[in-house]
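From just these sequences and the hints, can you work out the full model?
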Amino acid sequence: DTGVSQDPRHKITKRGQNVTFRCDPISEHNRLYWYRQTLGQGPEFLTYFQNEAQLEKSRLLSDRFSAERPKGSFSTLEIQRTEQGDSAMYLCASSLSVPEQYFGPGTRLTVT
Amino acid sequence: EDQVTQSPEALRLQEGESSSLNCSYTVSGLRGLFWYRQDPGKGPEFLFTLYSAGEEKEKERLKATLTKKESFLHITAPKPEDSATYLCAVHYNQGGKLIFGQGTELSVKP
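Heads up: the protein sequence lines correspond to chains R and V, in order. Per our numbering, the first sequence runs over residues 1 to 112. Per our numbering, the second sequence runs over residues 1 to 110.
The set of hints was computed from the structure by calculation and includes no laboratory data. Wrong hints could be hidden among the right ones.
Straight-line alpha carbon distances no greater than 20 Å define the calculated DMTMM-like cross-link-like pairs of lysine to aspartate or glutamate that follow [as the list claims (entries may be wrong)]: (1) V:Lys59 / R:Glu44; (2) R:Lys57 / V:Asp2; (3) V:Lys79 / V:Glu60; (4) V:Lys42 / R:Glu52; (5) V:Lys42 / R:Glu100; (6) V:Lys42 / R:Glu56.
Going by beta-carbon spacing under 10 Å, a handful of chain V positions derived as facing chain R [what the hints assert, rightly or not]: (7) Val4; (8) Glu9; (9) Leu11; (10) Gly32; (11) Phe34; (12) Gly41; (13) Glu45; (14) Phe72; (15) Cys88; (16) His91; (17) Gly96; (18) Leu98; (19) Gln102.
Note that beta-carbon positions come from the ideal geometry of N, C-alpha and C, so glycine has one too.
What follows is the structure, given as structure tokens:
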């Protein structure tokens with residue numbers, strides 16, 4: 001399978017715990033994006049990398065959120081001190097230098 | 001404020017009953033409009049990109065069109081397997097982010 005992969009697919013955590021998600025993009029894609037989607041809504045942009053450089057961050061990305069793409073390949077998204085409002089589907093997408101983005105299956109986070 | 005609005009929020013069709021989904025946008029400097037299909041619990045699946053007014057793209061029973069203010073996704077003779085949420089998104093700046101609408105949930109009954 002050469003699509004975007006995400007791990008884990010589901011994560012249940014208690015409020016206050018830290019969680020980390022991983023995204024592996026399509027191998028030749030140099031751009032990687034993170035989005036968050038809540039029930040009944042479209043995805044909302046969080047952040048974007050071109051190679052290893054983080055070029056844009058949304059206001060939604062509070063200080064508790066951090067994303068990295070250390071070698072320009074896979075990326076991680078960490079949420080510290082999780083809150084119930086962080087419960088959502090976290091989606092990763094990748095693209096070449098064109099804006100057509102291909103999404104992974106997502107990580108469903110539930111904060112109890 | 002840059003905005004993407006889809007209508008209707010939900011659409012129920014009988015198999016074979018053709019219809020259209022609407023996506024209206026208020027962004028300046030549109031660089032591309034995208035349609036995605038999303039099945040429950042899965043990530044969005046790319047369908048089409050439209051770049052300029054008057055452009056049309058087709059795939060099986062789906063046809064997407066674009067004007068200066070809105071896009072339509074026409075579904076001809078739908079089948080139950082076309083049931084999904086259809087998302088519209090726009091790209092308008094130098095960066096990579098897409099702004100999505102809230103989606104239209106399509107249900108096609110046999």
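Checklist entry - Going by Cβ atoms only, is V:Gly32 closer than 10 Å to chain R? => result holds (5 Å)
Checklist entry - Should the interface hint for V:Leu98 be scored as holding, given a Cβ-Cβ cut-off of 10 Å against chain R? => result holds (6 Å)
Checklist entry - Are V:Lys42 and R:Glu100 close enough, with their CA atoms no more than 20 Å apart? => result holds (18 Å)
Checklist entry - Holds or violated: are the alpha carbons of V:Lys42 and R:Glu56 at most 20 Å from each other? => result Given pair V:Lys42, R:Glu56 is violated - Cα atoms ~25 Å apart, limit 20 Å.
Checklist entry - Keeping to a limit of 20 Å between CA atoms, is the pair of V:Lys42 and R:Glu52 held or broken? => result Roughly 27 Å separates the two Cα atoms, so the pair is violated.
Next on the checklist: For the restraint on V:Gly41, tell me whether the closest CB of chain R is nearer than 10 Å.
Outcome noted: holds (8 Å)
Checklist entry - Taking 20 Å as the top limit, are the C-alpha atoms of R:Lys57 and V:Asp2 close enough? => result holds (17 Å)
Item to check | Cut-off 10 Å, beta-carbon criterion: hint that V:Phe34 touches chain R | outcome: holds (7 Å)
Next on the checklist: Quick check on V:Glu45 please, does its C-beta sit within 10 Å of some C-beta on chain R?
Outcome noted: At 7 Å from the nearest chain R Cβ, V:Glu45 passes the 10 Å test, so the hint holds.
Next on the checklist: Would the hint on V:Glu9 be counted as holding, given a Cβ-Cβ threshold of 10 Å to chain R?
Outcome noted: holds (8 Å)
Checklist entry - Between V:Lys59 and R:Glu44, does the CA-CA distance stay at or below 20 Å? => result Measuring from Cα to Cα gives roughly 26 Å; hence the hint is violated.
Next on the checklist: V:Gly96 was flagged as interface toward chain R. Is the shortest Cβ-Cβ separation under 10 Å?
Outcome noted: Holds - the Cβ of V:Gly96 comes within 10 Å of chain R, reaching about 5 Å at its closest.
In summary, the numbered hints that this structure violates are 1, 4, 6, 9 and 14.
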